[in-house]
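The primary structure of each chain is shown beneath.
There are 2 protein chains.
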Amino acid sequence: MLDNLSATKVSGGWHKQYSHTSTSTHCPMRFAIFLPPGASQTNKVPVLYWLSGLTCTDENFMQKAGAFKKAAALGIAIVAPDTSPRGDTVPDQDSYDFGQGAGFYLNATQAPYNTHYNMYDYVVNELPSLIEQHFPVTDKKAISGHSMGGHGALMIALRNPKSYTSVSAFSPITNPIDCPWGQKAFSQYLGDDQSQWANYDSCELMKKAHSNEFLPMRIDQGDADNFLVEQLKPDNLTAVAKQVNYPLTLNMHAGYDHSYFFISSFIDEHLSFHQLYLQR
Amino acid sequence: MLDNLSATKVSGGWHKQYSHTSTSTHCPMRFAIFLPPGASQTNKVPVLYWLSGLTCTDENFMQKAGAFKKAAALGIAIVAPDTSPRGDTVPDQDSYDFGQGAGFYLNATQAPYNTHYNMYDYVVNELPSLIEQHFPVTDKKAISGHSMGGHGALMIALRNPKSYTSVSAFSPITNPIDCPWGQKAFSQYLGDDQSQWANYDSCELMKKAHSNEFLPMRIDQGDADNFLVEQLKPDNLTAVAKQVNYPLTLNMHAGYDHSYFFISSFIDEHLSFHQLYLQR
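Sequences listed follow chains A and B, in order. For the first sequence, counting from 1, position 38 maps to 38 in the numbering used here; every step adds exactly one. For the second sequence, counting from 1, position 276 maps to 276 in the numbering used here; every step adds exactly one.
Where hints are given, some of them may not hold.
A pair counts as met if it fits within one copy or between any two copies, since identical chains are not told apart.
Said to hold, decoys possible - Derived lysine-lysine pairs resembling DSBU-like cross-links, with alpha carbons at most 35 Å apart:
#1 242 - 9
#2 9 - 184
#3 9 - 140
#4 44 - 64
#5 9 - 70
Derived from the structure by calculation, the hints contain no laboratory data.
All chains should be built: construct the whole structure from the sequences, respecting the hints.
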């Protein structure tokens, strides 16, 4: 059951927030959806799933990306989930990069996190089912995200290539097993057995991708991003892509940082990129 | 002296925040400026001043309006001041609609507010002087704003028609002397002599406007705005405009509310409106 929290007209369409009790994360989850003008049961639209970064909720992208004008023109719905389970019963740490706001889009295996921290199941299965049941959308799906959410988008697309038409990311963590953010999260959510970490690492997953299931993949990265060298490491992923011939385009942008100002500068291009494949 | 607090590339231009000690408000003031790509001492650009609404700072418009792509294309700089003086030494009330965050763009005459609450002088005189001294801009200025800031834009343009090429507003308080927000603010900032209030009331000012100093004026208003009937009252201003033949266009929009989602839906049209006059 979906509880409608808000409904706001924007760019001729509607931005709406909902809450529901998740069977994946065993807590109330909030998400937001943008429905372009004209979306209806007789005119269903495809969906771009957007995964946000550390500390974010469903609101950051919707308020700051400036995506609605283009999405309205292209007829694409956008769904933004939260970045983790939330609430007093959900284990947390006093840390911006672990716990609430930092679910890393995986299924935790370690106590006390394994009850609630199942964002992989939530984003891959539960949320699309809910969206397709309750809104005028087709089953055509693309996926994108920023930073931790860029990791989520790439990793989820690589593991589920038949579920998405295309994948993109802004400033993604491309190789979490090889950076401090990813190591901190994976060691606590997944435990010390690093063989389990590879299931959530885009570089490792791309090495094993089947060429008949390759997806169009676009990444945009600013070269003035404070996290570029230590945490994001796009060159690690492009090296794998070159090795396996994965159709990855990495666009480096001089002078741009890690903020939503960067995302807002290029989100229209990402929407147009996905539209090429969503409309097929 | 300007203290640069941030510089972020966006839409090919730059978003920058500055702090300085104001001679008008006698406290540190923060403002933000967007400079479009290519702005330089040999290619100066005109400026749109944006005045925000209750509770806002320089950040709300810059983060949520989605204005930069269009402003970059048109070659318009945007300057967003704060909405009041700030700081521990600045008198305040525990109220969202009075005191800090609610300066109403006037010069207060009543103690204890009259030392710091001089946002009229700040926006009309001090800030443009600073901007024209420190940035690659021409002296061509337009002005716009939202809600309390819409009041500010209309009122300031009506009082200083030679300083601006054009004026626009989203969901403005058009007749503050006739609504609870305005009466609460004006009575405490300006005192009980209501003849003084008329100096800051757009309806009263428009009645006295000289026809040879009329400015192009555009207002956009959503009809699902919770504040429309009690606080904003655009019909009061259109009645005066009709009476004096002021060139005001009011666009009512079905289904839109008072939020930045509304602003983001129509900001491109406001920028194009101002560009018509800024480029002359």
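We went through each hint and held it up to the structure:
In this assembly of identical chains, the alpha carbons of residue 242 and residue 9 lie at most 35 Å apart only when taken from different copies (30 Å versus 44 Å within one copy). In this homomeric assembly, residue 9 and residue 184 come within 35 Å of each other (Cα to Cα) only across copies, at 30 Å, whereas the closest approach inside a single copy is 40 Å. In the homo-oligomer, the alpha carbons of residue 9 and residue 140 lie at most 35 Å apart both inside one protomer (24 Å) and across protomers (34 Å), since each shortest distance falls under that limit. In this assembly of identical chains, residue 44 and residue 64 lie within 35 Å of each other by CA distance both inside one copy and across copies; the values are 26 Å within and 28 Å between.
For a Cα distance limit of 35 Å, the shortest separation of residue 9 from residue 70 qualifies both inside one copy, at 15 Å, and across copies, at 21 Å.
The structure agrees with every numbered hint stated previously.
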